[in-house]
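Colleague: What follows is the residue order along each chain.
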Amino acid sequence: MSVDTATVKRVANLARIAVTEDDVFRMTGQLNAILGFVEQLNEVNVEGVEPMTSVTPMAMKKRADVVTDGNKVADIVANAPITEENFFVVPKVVE
Amino acid sequence: MTDLTALTIAEARDQLKAKAITATELTGAYIQAIENANEALNAYIVTTPEKALEMAKASDARLAAGNAGALEGIPLGIKDLFGTEGVHTQAASHILDGFKPHYESTVTANLWADGAVMLGKLNMDEFAMGSSNESSYYGPVKNPWRAKGSNVDLVPGGSSGGSAAAVAARLCAGATATDTGGSIRQPAAFTGTVGIKPTYGRCSRWGIVAFASSLDQAGPIARDVRDAAIMLRSMASVDAKDTTSVDIAVPDYEAAIGKPLAGIKIGIPKEYRVDGMPEEIEKLWQQGIAWLKDAGATIVDISLPHTKYALPAYYIVAPAEASSNLARYDGVRYGLRVPGKDIVDMYERTRAEGFGEEVKRRIMIGTYVLSAGYYDAYYLQAQKVRTLIKKDFEDAFHAGVDAILTPATPSAAFGIADQEMNSDPVKMYLNDIFTVTVNMAGLPGIAVPAGLDSRGLPLGLQLIGRPFDEETLFQTAYVIEQAAGKFNAPKWW
Numbered sequence: 001m002s003v004d005t006a007t008v009k010r011v012a013n014l015a016r017i018a019v020t021e022d023d024v025f026r027m028t029g030q031l032n033a034i035l036g037f038v039e040q041l042n043e044v045n046v047e048g049v050e051p052m053t054s055v056t057p058m059a060m061k062k063r064a065d066v067v068t069d070g071n072k073v074a075d076i077v078a079n080a081p082i083t084e085e086n087f088f089v090v091p092k093v094v095e
Numbered sequence: 001m002t003d004l005t006a007l008t009i010a011e012a013r014d015q016l017k018a019k020a021i022t023a024t025e026l027t028g029a030y031i032q033a034i035e036n037a038n039e040a041l042n043a044y045i046v047t048t049p050e051k052a053l054e055m056a057k058a059s060d061a062r063l064a065a066g067n068a069g070a071l072e073g074i075p076l077g078i079k080d081l082f083g084t085e086g087v088h089t090q091a092a093s094h095i096l097d098g099f100k101p102h103y104e105s106t107v108t109a110n111l112w113a114d115g116a117v118m119l120g121k122l123n124m125d126e127f128a129m130g131s132s133n134e135s136s137y138y139g140p141v142k143n144p145w146r147a148k149g150s151n152v153d154l155v156p157g158g159s160s161g162g163s164a165a166a167v168a169a170r171l172c173a174g175a176t177a178t179d180t181g182g183s184i185r186q187p188a189a190f191t192g193t194v195g196i197k198p199t200y201g202r203c204s205r206w207g208i209v210a211f212a213s214s215l216d217q218a219g220p221i222a223r224d225v226r227d228a229a230i231m232l233r234s235m236a237s238v239d240a241k242d243t244t245s246v247d248i249a250v251p252d253y254e255a256a257i258g259k260p261l262a263g264i265k266i267g268i269p270k271e272y273r274v275d276g277m278p279e280e281i282e283k284l285w286q287q288g289i290a291w292l293k294d295a296g297a298t299i300v301d302i303s304l305p306h307t308k309y310a311l312p313a314y315y316i317v318a319p320a321e322a323s324s325n326l327a328r329y330d331g332v333r334y335g336l337r338v339p340g341k342d343i344v345d346m347y348e349r350t351r352a353e354g355f356g357e358e359v360k361r362r363i364m365i366g367t368y369v370l371s372a373g374y375y376d377a378y379y380l381q382a383q384k385v386r387t388l389i390k391k392d393f394e395d396a397f398h399a400g401v402d403a404i405l406t407p408a409t410p411s412a413a414f415g416i417a418d419q420e421m422n423s424d425p426v427k428m429y430l431n432d433i434f435t436v437t438v439n440m441a442g443l444p445g446i447a448v449p450a451g452l453d454s455r456g457l458p459l460g461l462q463l464i465g466r467p468f469d470e471e472t473l474f475q476t477a478y479v480i481e482q483a484a485g486k487f488n489a490p491k492w493w
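Protein chains in written order, with the numbering used here: chain Z, 1 to 95; chain E, 1 to 493.
For the record, the hints were derived by calculation from the structure and aren't laboratory data.
One or more hints might be untrue.
Claimed, not checked - Here are the computed lysine-lysine pairs in the DSBU-like style, where the Cα-Cα straight-line distance is at most 30 Å:
(1) E/K241 with Z/K61
(2) Z/K62 with E/K384
(3) E/K384 with Z/K61
(4) Z/K9 with E/K341
(5) E/K241 with Z/K92
(6) Z/K72 with E/K384
(7) E/K100 with Z/K72
(8) E/K341 with Z/K61
(9) Z/K62 with E/K390
For clarity, every value in this text was computed on a predicted model and none was experimentally measured.
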């Protein structure tokens, strides 16, 4: 399979990365090179093979359903580019 | 006085305990060495000399009081991927501009609890995506090694290029690193240092910037096998904050060093020969086999038939996980924000400016293979192939193999801005062809220097072990180190 420029634009939009026409042209070639490389996986007979979900044979650990952390509002917003009264500030999203 | 930066961790530990040197003197020597060398090598992104001297002073007090930890007073460099409280943590990316976490990663917290001293944060490929340290926002790191009679700058490998270069140039006694597809072992091989990626689940991933969560593991890069064993014992732990942390006690890895190899069976996989691999690497591999045989190990030929599919499967699984992990960088909660006309425009501009080329490429691939209609063809197929790759190793171990010996990399270090590598992403990816299988199967792997090529550049061998059997890797790697000797870069910087 290979991608065209329209697909690259669609993927860039899904990934929320702004791209110029030049970027799209360059990325299309590079993505096709990588997709060409991974194509060989189709040679492998995977009939009856389970997809890997955990590399270590272990059940996912579950922690006790108790509050162990919190009251750190100042720590959480400390690295935000813009905050106001402990809220993250973003451009207006509701008209 | 002798150069204190020449001491290994084990030697410094003994001298500190014997009160022959102080942690403050040792730390001071490293601070001076970094000051002299970092402009040339670019191994450190940020240095923390004041914090280092403060920690050293506390170490000296504990040494005097007789309650020293396992790494008391040992100055270490920390890869920029590890969250360090109040200190620059950016995964060498522009998008995390100014980020200083209000928490400490479990691995670094373990090191400080054992008395280690932090010298600063080490350069790396952006978000650990790369094999040459050239994708860093902070510029490439130079390898302390150069070809004989040449002044051409070489890459230190990646993504833990700063860690490997700093250890090789003696700008720290040891360094933390991480490995998703070879990011500890390939730079170790390129710089004549020892690097171990432990079993998935051995070191906590908590507080380490995530790249591909099912593959990422932390480990040390050190000057020799013993130092790597000492560091890993402190880095590893069982951590309730990481659900993939495995509940197995951390052994004393150093105790495995020096044990005889009698009864150990080493597998040699025929699939680890690739087209265009230099003759010298094949020779080095044969030499490694001979050393282990001489030391009493049994050598058996094995087959890992799905080896060639590990790299293509990796380039689906890793970008898929990365595209999801890196979705959090949106200009809202931390780091860079580029204003836009609305919120989506702000996200798109922030991510376009904040991420470098390689990172964008991998996010795009990951987004594509996970998108509607392609998930089964790419992602599901890759995860099935991954099951088969793991089964290859399991079959070998069930047949009685204790460890597997392979070359660490298909070549020695290449030049910075190498045109062939930089014009073709797939060519760069091939650097990890021998290391990536280990991440896909979650196994431990160690790279140990085994010789120099005809140009005088270091080459490494890799040993792959059973899950949670790092001890056999240290035991076997030590035999190779004893036979090969240690390699130091002639100083030019």
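Colleague: Does each hint fit the structure? Answer for all of them.
Modeller: Verification of the hints:
no., hint, in the structure
1, E/K241 with Z/K61, "holds, 10 Å"
2, Z/K62 with E/K384, "holds, 26 Å"
3, E/K384 with Z/K61, "holds, 24 Å"
4, Z/K9 with E/K341, "holds, 20 Å"
5, E/K241 with Z/K92, "violated, 36 Å"
6, Z/K72 with E/K384, "violated, 42 Å"
7, E/K100 with Z/K72, "holds, 15 Å"
8, E/K341 with Z/K61, "violated, 44 Å"
9, Z/K62 with E/K390, "holds, 26 Å"
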